[in-house]
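Visitor: This is what each chain is made of:
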Amino acid sequence: MANITYIEASGQSTTVNLADGWSLMQGATANGIDGILGECGGSCACATCHCYVDVDRMGELPAASDGELAMLENVAAERRPNSRLACQIKATAALEGLVIHLPEMQE
Amino acid sequence: MSGTDAVLIVGAGLAGVQTAEALRTLGFAGAITLLGDEPHAPYHRPPLSKAWLGGEMDAAQLVMRAPEALERKHITLRTGVSVIAIDRAIKTVRLADGSELPYAGLVLATGSTPRSLPLPGADARGVWALRGRDDASAIAQGMAACASSGKALVVIGGGFIGLEVAATARKKGIAVTVLEAAPRLLGRVLAPVLSDWYAQLHRSHGVDLVFNAQIAALETDTQGDVCGVRMTDGHLLPAGLVVVGIGVTANDQLASAAGLVCDRGIVVDVCGRTGDPAIVAAGDCTARRLDDGSLLRLESVQNATEQGKSAAAALMGQERAFTATPWFWSDQYDKKLQMAGLSSGADQWVVRGDMHASLATAGFTVFHYRQGQLIAADSVNASKEHLQVRKLLDARVSPPPERLADTAVDLASLGVAIGA
Chain A
1 MANITYIEAS
11 GQSTTVNLAD
21 GWSLMQGATA
31 NGIDGILGEC
41 GGSCACATCH
51 CYVDVDRMGE
61 LPAASDGELA
71 MLENVAAERR
81 PNSRLACQIK
91 ATAALEGLVI
101 HLPEMQE
Chain B
1001 MSGTDAVLIV
1011 GAGLAGVQTA
1021 EALRTLGFAG
1031 AITLLGDEPH
1041 APYHRPPLSK
1051 AWLGGEMDAA
1061 QLVMRAPEAL
1071 ERKHITLRTG
1081 VSVIAIDRAI
1091 KTVRLADGSE
1101 LPYAGLVLAT
1111 GSTPRSLPLP
1121 GADARGVWAL
1131 RGRDDASAIA
1141 QGMAACASSG
1151 KALVVIGGGF
1161 IGLEVAATAR
1171 KKGIAVTVLE
1181 AAPRLLGRVL
1191 APVLSDWYAQ
1201 LHRSHGVDLV
1211 FNAQIAALET
1221 DTQGDVCGVR
1231 MTDGHLLPAG
1241 LVVVGIGVTA
1251 NDQLASAAGL
1261 VCDRGIVVDV
1271 CGRTGDPAIV
1281 AAGDCTARRL
1291 DDGSLLRLES
1301 VQNATEQGKS
1311 AAAALMGQER
1321 AFTATPWFWS
1331 DQYDKKLQMA
1341 GLSSGADQWV
1351 VRGDMHASLA
1361 TAGFTVFHYR
1371 QGQLIAADSV
1381 NASKEHLQVR
1391 KLLDARVSPP
1401 PERLADTAVD
1411 LASLGVAIGA
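For the protein sequence lines, the chains are A and B, in the order given. For the first sequence, position 5 (counting from the first letter as 1) is numbered 5 according to my numbering, and the numbering increases by one without interruption. For the second sequence, position 373 (counting from the first letter as 1) is numbered 1373 according to my numbering, and the numbering increases by one without interruption.
Chain B with its partners taken away, still in its complex shape (with noise of 0.2 Å):
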C-alpha cells in the first residue's frame, strides 16, 4: 500500500479508531474512511454496564471521540452503514444500499455480537442482550420499569457482564436473581476461591444466586412482554425484565465469506495481519495465532487498542507485534478487580493479602499458576499489585508461591532479584 491510497474500515468501535489514529501517527497520508453500523460516533463501551446503565452519564459523556477531531485527523466517519461483501479480487466492498467503495487496505473491526439463547421466548419483548448504547439504553429503560412496578431483574449468565448489570440493578433496588449454568461464578476465568468471593459480595448486596441452572423457557404474558423464567424443575421466576449475558461470537462473516481463513473470528497472526495482505483485522473479531499454534480469541479493551496499532502498522509495511500480558477489568459494586495473563488450565493459587478482611474493605491478589509457572493474577482493590504483577508476567517472571504471598515481600522488587 502506498502512502496515499485508501484505507476502508470496516467498524467505528475502539478497534477501527485505534487503527485510523495509528495510521495518521505512522505518517498515512491517503484517505481514511470508518464505517460504523450503528448510528452513533464512536463512544465508550466499558461505562455501558455501569454508569450509563444507572442513569449517570448523558450522551455526551460516552463520547469517544468528537468528529471534529476525527475531521482534524482527515479521517472521514460515515454512520448507519452496513458492509456486506468483500470482493477482493477487485478490491472493494459492497454497502447494503448497494454501493461499492474501493480500498488498496481494508481493515476489518467487525467486533462481536451476543450469543442468543436457544430457548422458547427468547426474542420476547423485555428480554436483552447487552452490546451497544441502544442496548444498554433499553435495559436502562426496562430497569425504571421495574423499579417502579416492584417487578424483578432475571440476569441469565453469571460472566461479568450479567454481573455488572445485577450490581447496577441492586443500585436502584431492584430484585436481581442471577442465573449461572455452572457451578460458580466466572467460572473460565476466576479461581474457585475467588468466583466464591464475588458470590458472598452479590449475596451481601442482596442478589439471589442460581447455580447448575437448568432454564426450559421464557414466559411471556398476553401482550408478548416477558414475565418470567421456567426452569426446567417447573418452577417459574417472575421477571418484568431478562438480560441475557452468556457470551459472544465473532463477527467473522463478512471475512469468511470473502474467503478469509477464519476459526471462531478472523485469524490474525500476532501483528494484526490476516492471509491476504491487503487486508487486517483488530479487536473482537479477530482469532490470534500465537506462537504456539494455538488461537487466542480476547474482547476487552487492550486488546482492541493493541490490535489496532499493529493492524495500521501492517497495512503500513511494519511489523508490530501485540505479545503483551493481556489485561482485562470489572467493576461491581465498589470493587474493581483487574486481571492480568490467562488463567486457563491453572492447577494451583494463592492469594496475597487477606480476603477474609471484611468485604468493605478487602484488597488481595489471587496468583494462578500452572506446573509451577506462574501466568495470571486477580486483583481486588489492588491496582497497585496488579501493576506489578504485570511487570512480572510481562518478564516471564515466576517466584514462587509461597514469596507472593508473603505480603512482607515487595513485589517490585521480586522482578530484579530473580531477573528475567
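For reference, chain A alone in the conformation it holds in the complex (with noise of 0.2 Å):
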C-alpha cells in the first residue's frame, strides 16, 4: 500500500491510497484524476498515461522495460529523464509518498 500524489498540470493536487498491485494509471482513473487516459486499459499500447516521476525517487522504482521505453518515444508531451507510463508501475509500500507530476496533454 502506497500513498500517491499526483499533481495535474493546472497545479491540482491529489493524493490517494492505493493497495498493492494497483498501477498508478488506475489509482488516476479510478479516483478521477484528470490528465492520464490510459486508452488502452493498461497495456503499455497507447502511451496516454505518460507522467513525470519525483526525481529523487527514479532509482526506488522498477526500471522501465523495452516496451514501456518504446512507447515513452511516442508521448504526446515532451519526453524527460523521469518520464514513465503511470500503467508500467505498481504500488508497493516501497512507493510510499511518491509524489508524480501530469503533463498537459496525452495526445
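Read the hints as simulated data drawn from the structure, not as lab findings. Since the structure is predicted, the reported quantities are computational estimates derived from the model, not experimental observations. Certain hints may be false.
Stated by the list, open to error - Listed next, the in silico BS3-like pairs over lysine-lysine satisfying Cα-Cα at most 30 Å (straight line):
hint, chain 1, residue 1, chain 2, residue 2
1, B, K1171, B, K1384
2, B, K1171, A, K90
3, B, K1073, B, K1091
4, B, K1151, A, K90
5, B, K1151, B, K1171
6, B, K1335, B, K1151
7, A, K90, B, K1073
8, B, K1151, B, K1172
9, B, K1384, B, K1335
10, B, K1171, B, K1335
11, B, K1091, A, K90
12, B, K1172, B, K1335
13, A, K90, B, K1384
14, B, K1073, B, K1151
Join the two chains, each given in its own frame, into one complex according to the hints.
Guide: Take a look at the structure:
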C-alpha cells in the first residue's frame, strides 16, 4: 500500500492510497484524476498515461521495460529523463509518498 | 448545432466517452448525456480477456472514467438504459421504458455484438462469448470451476479473443483446445509464417490446436450444462466451458431502422458523419467510407478514440478526418503482438529479426507487401520497431524488402532517406 500524490498540469494535487498491485494509471482513473487517459486499459500500447516521476526517487522504481521505453518515444508531451508510463508502475510499500506530475497533454 | 444544444450519445464505451470529452475540449457548452445499456460506468475492455479474466484485477481497477471525472466535465451518465428507436424528423430517441429524449446532435457509439454459433446447443449454459464485463466474469467463474473439477475449456475460433482466453486459461492450468475452421490461426490478419509461430507458441504452452475444425453441435448434460463439442466426424471433445470467439457484427440496427445508410456497420465518412447532419457515429459500430470508395470496419481502441474525436468535431461543424495508419495489439502469454496497417491482399512477406530464436527471447517484425508496396507490419516483442513502422506507413514510405529485413539498417533512417 502506498500514498501517491498526483499533481495535474493545472497544479491541482490529489493524494490517493493505492493497494499493492494497482498501477499508478489505475489509481488516477479510479479516483477521477484528470490528466491520465490510459486508453489501452493499461496494456503499454497507447502512451496516454505519461507521467513525470519525482526525480529523486527514480532509482527506487522498477526500471522501465524495453516496451515501455519504446512507447515513451511516442508520448504527446515533452519526454524527459523522468518520464514513465503510469500503467507500468505498480504500487508497493516502497513507493510510499511518491509524487508524480502529469503533463499538459496525453494525445 | 449551436454551442448550447443537447447532445445524446448512445453507447458508453470508449468511443462514446471519447466523443463526450472531445466535445468539451472543443468548447461545446450544451448538455451531454451518455446512455449506456450496461449497468456499469465506463470501463476498459482490453483487460477483460487477460488480467480481468485471470482474476488479477478488481472492478475499481477496470474503471475508465470515474463518475466524478465525468461530472466535472458536466457529462451526464445514465447506465442500464436501452435506446430502441430514433425519430430523425423530430430529433428524439425513444428508450425501452417508453420515455423520449430530444437531441440537437446524436452520436451513435453502439459497439458490436459477438456472432453466435448457428449450431444446436449453442445457447446451452456454459457457452459464452466475450464482449462485456459480465461475460468475462461469467467465463472467469467457469474457468474456476474447470480448474477445480479438472474439466476442459474448448475455445471456438482461433482469433485474438479466443487465443487470449486460451492463454489466460493455460496460466490457470486448465486443459484447452482451440478449434479453428481455417487452416491456420489469425488467418485474415497475420502472415502465414506468423500464424505458424503463434501455433507453436500456444502448443508450447500446452494448448491443443485443431485446424479445419468442423463442429456439428454442442452437447449438453441432463442439467442443460454444456458437456462437450461434437465434431462432424462424430468425435466428442469433452468440455466444462466453451468460449465462442468467431467475430462480431456491428450494432447498426438502430441506425438502419431510422433510415441511415448501413452496410455491415453504420456508414460514415472519414470525419464520422452519417447522411444526417445531426447524427455522427464512432467506434465498432461504423463502416468508414475511404477515399477510394471502399468501406473499412475496424474494431480497435485507436478506431474508437480517433473516430470519437472526429465525430465530436463534425458536430461542431469542423472537419477532422481520421486517416492515420490503423494499429492494434494482442497480449498472449508474455508476447506482445503489435500490428500496424492493413494486411489484406498481401502477396509478399519479409521478416526482420530472428523469429526462429527460442520462443522465450524472440523479438521480430513481419512486413507485408502488396504489389511491391509496404502495407502493414506485425511486431512481436518489438515495440520500438512497431512505432517506427507506423511512422513509415503514415508517411506512405515503402522501403525495399531487403532493406527492412536487414537489422543493420536503422528503421528510423529510412523515412528520412527515402522521403515521403
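Visitor: Next step is simple, just say for each hint if it's right about the structure.
Guide: Structure-based check of all given hints:
no. : hint                : in the structure
1   : B/K1171 <-> B/K1384 : holds (27 Å)
2   : B/K1171 <-> A/K90   : holds (21 Å)
3   : B/K1073 <-> B/K1091 : holds (24 Å)
4   : B/K1151 <-> A/K90   : violated (34 Å)
5   : B/K1151 <-> B/K1171 : holds (15 Å)
6   : B/K1335 <-> B/K1151 : holds (27 Å)
7   : A/K90 <-> B/K1073   : holds (28 Å)
8   : B/K1151 <-> B/K1172 : holds (12 Å)
9   : B/K1384 <-> B/K1335 : holds (14 Å)
10  : B/K1171 <-> B/K1335 : holds (14 Å)
11  : B/K1091 <-> A/K90   : violated (47 Å)
12  : B/K1172 <-> B/K1335 : holds (17 Å)
13  : A/K90 <-> B/K1384   : holds (23 Å)
14  : B/K1073 <-> B/K1151 : violated (48 Å)
Of the numbered hints listed earlier, those contradicted by the structure are 4, 11 and 14.
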